[in-house]
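Peer 1: Line by line, the protein sequences give chains L and F.
Going by the numbering used here, the final residue of the first sequence carries number 134, and the count climbs one at a time with no gaps.
Going by the numbering used here, the final residue of the second sequence carries number 1292, and the count climbs one at a time with no gaps.
A couple of the hints might just be wrong.
Claimed, not checked - Straight-line C-alpha distance at most 20 Å; calculated SDA-like pairs for lysine to any residue:
(1) F:K1263 with L:V36
(2) F:K1103 with F:K1153
(3) F:K1225 with L:D94
(4) L:K110 with F:K1263
(5) L:K134 with F:K1225
(6) L:K134 with F:Q1245
(7) F:K1153 with L:D68
(8) L:K110 with F:E1256
(9) L:K134 with F:E1256
What the hints assert, rightly or not - Computed spacing ranges between beta-carbons, pair by pair:
(10) L:T3 with F:T1200: 49 to 57 Å
(11) L:R5 with F:I1125: 54 to 62 Å
(12) F:T1129 with L:V12: 36 to 44 Å
(13) L:V12 with F:A1280: 47 to 55 Å
(14) F:L1093 with L:W133: 48 to 56 Å
(15) L:R19 with F:L1093: 18 to 26 Å
(16) F:S1192 with L:Q119: 37 to 45 Å
(17) F:M1233 with L:R5: 45 to 53 Å
(18) F:E1010 with L:S14: 49 to 57 Å
(19) F:V1188 with L:R5: 52 to 60 Å
(20) L:G99 with F:V1029: 54 to 62 Å
(21) L:R19 with F:R1006: 47 to 55 Å
Claimed, not checked - One side of the interface only, derived from the structure: several residues of chain L facing chain F at Cβ under 8 Å:
(22) M23
(23) S32
(24) G57
Because the hints were derived from the structure by calculation, they are not lab data.
Where a beta carbon is used, it is the ideal one built from N, C-alpha and C, also for glycine.
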Amino acid sequence: MATLRSEIAGIVTSEDIVRVRHMVRDAAVRLSFSLVDQTKIVTAASELARNTLEYGGGGTVRIDELADHGRLGLQLIFEDRGPGIADLNQAMQDGFTSGSGLGLGLGGAKRLCNEFEIQSKPGEGTRVRVARWK
Amino acid sequence: MADKYRFLSELLRKEEAAILDKWLELQQVALAGRRDQVSVKDDVETSRSFLHGFGKALAATRELDLSSSGWADLRQTLEQIAITRATRGFGPLETAMLIFSLKQPVFEAIRRSLSSKPEELASEIWNATEILDRLGLFVTEVHQKGREELIRKQQQEMLELSTPVVRLWEGVLALPLIGTLDSARTQVVMESLLHQIVSTGASIAIIDITGVPTVDTLVAQHLLKTVAAARLMGADCIISGIRPQIAQTIVHLGVELTAVITKATLADAFAIALQRQNLAVVRVQKNPPAAG
Ligand SMILES: Nc1ncnc2c1ncn2[C@@H]1O[C@H](COP(=O)(O)OP(=O)(O)O)[C@@H](O)[C@H]1O
Ligand SMILES: [Mg+2]
Chain L
1 MATLRSEIAG IVTSEDIVRV RHMVRDAAVR LSFSLVDQTK IVTAASELAR
51 NTLEYGGGGT VRIDELADHG RLGLQLIFED RGPGIADLNQ AMQDGFTSGS
101 GLGLGLGGAK RLCNEFEIQS KPGEGTRVRV ARWK
Chain F
1001 MADKYRFLSE LLRKEEAAIL DKWLELQQVA LAGRRDQVSV KDDVETSRSF
1051 LHGFGKALAA TRELDLSSSG WADLRQTLEQ IAITRATRGF GPLETAMLIF
1101 SLKQPVFEAI RRSLSSKPEE LASEIWNATE ILDRLGLFVT EVHQKGREEL
1151 IRKQQQEMLE LSTPVVRLWE GVLALPLIGT LDSARTQVVM ESLLHQIVST
1201 GASIAIIDIT GVPTVDTLVA QHLLKTVAAA RLMGADCIIS GIRPQIAQTI
1251 VHLGVELTAV ITKATLADAF AIALQRQNLA VVRVQKNPPA AG
């Protein structure tokens, strides 16, 4: 698997969420994702970036444009050094929110992508990796 | 180093009138082309109160720390000057020059009073330079912040302007949303819609999201809240402009829009709205021109 291009962006303010969405949209366009695929990965990015900011207290995202045996894909890795998630199963449940959201961000991001991985340790932070392939 | 600024503060007190005169003269030259922007009276008043405050601050402090309490009044005067100028379209340099142009009259006054003591003269000139430079930088910084604030405000106003609530028909409002629907903006937009519903007594509101690039769970939540609030005020909402890719994404997110009427286009939504009002659009049958 080859990385065609990789970018890292900070997520510290709500304007950064907008910027991350633009970066992901641009990457998806470069990989000539269909409009539906673009919308899906951008929306997933929006959810995860907001979680990084809101619950993780800010963090970073790495945007990787990948090629695997001729197949193109977009991988996003969100990382923060926030409080972490004590109960991952609960957090993944549709409708669960510890804030005032709809509780559909994590589950939604998972459904919008082909790959979804979440690692979190209470007190250490959270890392979410998603990928969508063409 | 006690009373480092005693000489200067006394000089300012004694020579205030002369310094002010010369300073205003210099300002007048510098602002020759911009008389329209700040009235002369304004200049005289602010310059006088600045000079006065400057002398007082110098008398009260021994250190050049603008953040200390002795400088608070002068800081406020400077902030007012900077903000006024920023708002009126002055550049930061022009605002800084206002303070720097005080050097000449102050140096002249120092020279007049210390002409026989070259060493003291040099050291007082240095003191004055140091302070005025510091004040000049401070005012530049405030000016810059003032401009940024102004630009932010203008952008905010533009956002509000760019989301008009349109009255399509008696009792039918449309709210075409354009752009990013995050944060502060959504709140403003939704509130203005609800406000319009109340003030026009509308019974149907069409929220068109054709211009919204991303509908994530936060946007969906805002939409759902607005629909619920509108309903409490006696208006039904129709959400239109849900493009196919957005519709698919919403389904994957798991957001339930089933309680809301959704339509692909604003025209479809308008048709439903008319129907609900027992209204119909009909083609007018034109009479054929009478024969010869
Ligand atoms: N980066 C993170 N750090 C800490 N907690 C998180 C993070 N991301 C998600 N969570 C937790 O998972 C819950 C569910 O997240 P999500 O599905 O996006 O719903 P919502 O954002 O509406 O709460 C959040 O309420 C929060 O408790
Ligand atoms: Mg979320």
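Peer 1: Would you mind marking each hint as holding or not holding in the structure?
Peer 2: Quick rundown of the hints versus the structure:
1. This hinted pair checks out: K1263 of chain F and V36 of chain L have alpha carbons roughly 19 Å apart, not beyond 20 Å.
2. Between K1103 of chain F and K1153 of chain F, the direct Cα distance comes to roughly 35 Å. Violation of the 20 Å bound is thereby established for this hinted pair.
3. Only pairs whose Cα atoms come within 20 Å are accepted, and K1225 of chain F paired with D94 of chain L is accepted, the gap being roughly 19 Å.
4. Distance check on the hinted pair: K110 of chain L and K1263 of chain F sit about 27 Å apart at the alpha-carbon level, beyond 20 Å; violated.
5. A C-alpha spacing of about 35 Å is found between K134 of chain L and K1225 of chain F, which places the hinted pair above 20 Å, so the restraint is violated.
6. This hinted pair checks out: K134 of chain L and Q1245 of chain F have alpha carbons roughly 15 Å apart, not beyond 20 Å.
7. For the given pair, K1153 of chain F sits about 48 Å from D68 of chain L by alpha-carbon distance, which is inconsistent with the 20 Å threshold.
8. For the hint pairing K110 of chain L with E1256 of chain F, the CA-to-CA distance comes to about 17 Å; that is within 20 Å, so the pair holds.
9. Under the criterion of a C-alpha separation no larger than 20 Å, the hint pairing K134 of chain L with E1256 of chain F is inconsistent with the structure, at around 27 Å.
10. Roughly 55 Å separates the CB atoms of T3 of chain L and T1200 of chain F, a value that falls within the hinted 49 to 57 Å.
11. Taken as a hint, the range 54 to 62 Å holds for the pair R5 of chain L and I1125 of chain F, whose Cβ atoms sit roughly 59 Å apart.
12. The hinted window of 36 to 44 Å between T1129 of chain F and V12 of chain L holds, with their beta carbons roughly 40 Å apart.
13. Taking 47 to 55 Å as the suggested C-beta distance range, the pair V12 of chain L and A1280 of chain F conforms, at roughly 54 Å.
14. Between L1093 of chain F and W133 of chain L the Cβ separation comes to about 54 Å, which falls inside the hinted range of 48 to 56 Å.
15. A hinted range of 18 to 26 Å is violated for the C-beta pair R19 of chain L and L1093 of chain F, which are about 31 Å apart.
16. Range check, S1192 of chain F to Q119 of chain L: Cβ separation about 43 Å, and the 37 to 45 Å hint holds.
17. For the pair M1233 of chain F and R5 of chain L, the supplied restraint of 45 to 53 Å holds, since their beta-carbon distance comes to about 50 Å.
18. The given range of 49 to 57 Å is respected by E1010 of chain F and S14 of chain L, whose C-beta atoms sit roughly 53 Å from each other.
19. Between V1188 of chain F and R5 of chain L the C-beta distance comes to about 37 Å, which lies outside the given range of 52 to 60 Å.
20. In this structure the supplied range 54 to 62 Å holds for G99 of chain L paired with V1029 of chain F, their Cβ-Cβ distance being about 59 Å.
21. Taking the beta carbon of each, R19 of chain L and R1006 of chain F are about 54 Å apart, inside 47 to 55 Å as hinted.
22. For M23 of chain L, the interface hint is violated, the least distance from its beta-carbon to any beta-carbon of chain F being 13 Å, above 8 Å.
23. With a cut of 8 Å, the hint placing S32 of chain L at the interface with chain F is violated, because the nearest CB-to-CB distance is about 15 Å.
24. The restraint placing G57 of chain L at the interface with chain F is violated, with a minimum CB-CB distance near 17 Å, outside the 8 Å limit.
Of the hints listed earlier, those the structure fails to meet are numbers 2, 4, 5, 7, 9, 15, 19, 22, 23 and 24, in rising order.
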